[in-house]
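The whole structure should be built from the sequences, with the hints applied where relevant.
One line per chain: the protein sequences are G and D, in this order.
If you're matching positions, the first sequence starts at 1 in the working numbering and goes up one per residue.
If you're matching positions, the second sequence starts at 1 in the working numbering and goes up one per residue.
These are calculated hints, taken from the structure and not from any lab test.
Given the structure is predicted, the values throughout are model-derived calculations rather than measurements.
Virtual Cβ for every residue (Gly too), placed ideally from N, Cα, C.
A few of these clues could be false.
[What the hints assert, rightly or not] Here chain G is said to cover these stretches of chain D; the calculated rule only asks that three of the stretch's residues, wherever they fall, bring their Cβ under 8 Å from a Cβ of chain G:
(1) 79-89
(2) 117-126
(3) 143-157
(4) 197-203
[Unchecked claim] Just the calculated beta-carbon pair ranges, DEER-fashion:
(5) Glu199(D) to Asp65(G): 52 to 58 Å
(6) Arg150(G) to Tyr50(D): 26 to 32 Å
(7) Ala77(D) to Leu98(G): 52 to 58 Å
(8) Glu224(D) to Gly196(G): 27 to 33 Å
(9) Tyr50(D) to Glu42(G): 52 to 58 Å
(10) Ala137(D) to Pro100(G): 47 to 53 Å
(11) Glu106(D) to Glu42(G): 45 to 51 Å
(12) Pro100(G) to Gly62(D): 45 to 51 Å
(13) Arg256(D) to Lys219(G): 21 to 27 Å
(14) Glu42(D) to Asp65(G): 36 to 42 Å
Protein chains: 2
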Amino acid sequence: MRDVRLVGRESQLENLCVVLVAPRNPLNIGAVARAMSNFGVETLRVVNPYEVAFRDARSAVGAEDLLSRAEVFGSVADAVADCVLVVGTTAAGRREPLQPVHRLAEAAGLMGAALAGGRVALLFGSEKRGLLNEDLAHCQWVLNIPTRERQPSMNLGQAAAVCLYELSRECSDAGEESAEGAHSAASCEATTATGGELERLTDILLEALDVSGYTLPDKAAVTEQNVRRLIRRVNFDHDDADLLLGMLRQILWMLRSAERS
Amino acid sequence: MRDVRLVGRESQLENLCVVLVAPRNPLNIGAVARAMSNFGVETLRVVNPYEVAFRDARSAVGAEDLLSRAEVFGSVADAVADCVLVVGTTAAGRREPLQPVHRLAEAAGLMGAALAGGRVALLFGSEKRGLLNEDLAHCQWVLNIPTRERQPSMNLGQAAAVCLYELSRECSDAGEESAEGAHSAASCEATTATGGELERLTDILLEALDVSGYTLPDKAAVTEQNVRRLIRRVNFDHDDADLLLGMLRQILWMLRSAERS
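The following block contains the structure:
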């Protein structure tokens, strides 16, 4: 066994996009880009980088291209708008996320299945603070790399490398069992709602809650987080989202007409 | 499943020692130390470092102790003298080692078995040239992280993180099946909504749709079926159902007051 390079369903990883939220250090951005390049992940998105010159990130040996194609977004919502699954990352010790948490090994299985059906986003927070609750609110669930209690927090570039390694392992494992792979691709084809659809659902429900007097003025941020989490925790497919959107539009229209009269 | 820290046979990794041969960059040495600290590997050995001041390596957040205990050796032979197994690392593209090559996933299994019996060394070469043939000559076999042909060579700190992750996974998989069971039980404890809760949700949404004019008189049965299916297809847990019920109650109340006025 001399040639152990990645083959198989490497192409599935093309549906993965890595999203760095408010990264501070160009060195780390470069390291993430290099790991992406090692494992065949092409799409890097950056939300509000601290350092605008992040494209100059050094240590991105062999990943200059990928870095120059990186897209910059003003919000997490925009960065994940076309994604059928949005996964956050968190260090075990940092804080208790409200979303379900999966260990990396099982998370890779879940993400592998979703990658067969559409774009999947993997979010990393800033080196200093990680993902904030408002970022996590866009995530269906959170993955965690099991580390030691005494030193749970990993360097950003290393955490990304470990995640991408596990995902590429998952995808090539899946590719080796071809029948199995075909089946799981088919089962994922039932179109999951995209981040954009979930965002529209969130907006219209928030508006209905506001107009109906559910949202207390001083609790608006809490309500928004609750709604955002609810909409993402639930497994809406495209048709569900569509149906619910139609319902909420009508309810909102009626609430608004009542307000005017 | 909130606590996903490493427990179980972590202690087995105490028999692992990481050997850096002729490392050049203190930043990378620091990064290796940090990954070791994340995954519970305590013994770092350095052979002929280019930079004598490697102990000052930055980016070794939480690994200062480990770094200050690192031993310096004049030869690979001395550094691995007490080891029952010596494993080299190589990038797929770099050169054809004469030793057998195992992919990381299978290598971790082999190393896990050996760790139960004594000290095991994992060697990394310099950032620039990797392990030379004279270094590899001390190795029983070589491990390789499967990467893309176009960009096979990983950053030293990232390669170390990926190897140690896989090894710690191997060791905890072996020791931790019962803990895993406990963990998935805990993760499922987030109670699924009951049939009764789903029914209340269905009723109140149907009522809101009716009052808002969404439900067409001659299509009431179809709407009811759609709502019933939607509510059940979606994976509500108890808290989701509760939250949504509260929201819909308020919306309905507002719709009803509008109707009366």
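Fill in: Hint numbers contradicted by this structure
Checked against the structure, the hints that fail are numbers 1, 2, 4, 9, 11 and 12, while the rest are satisfied.
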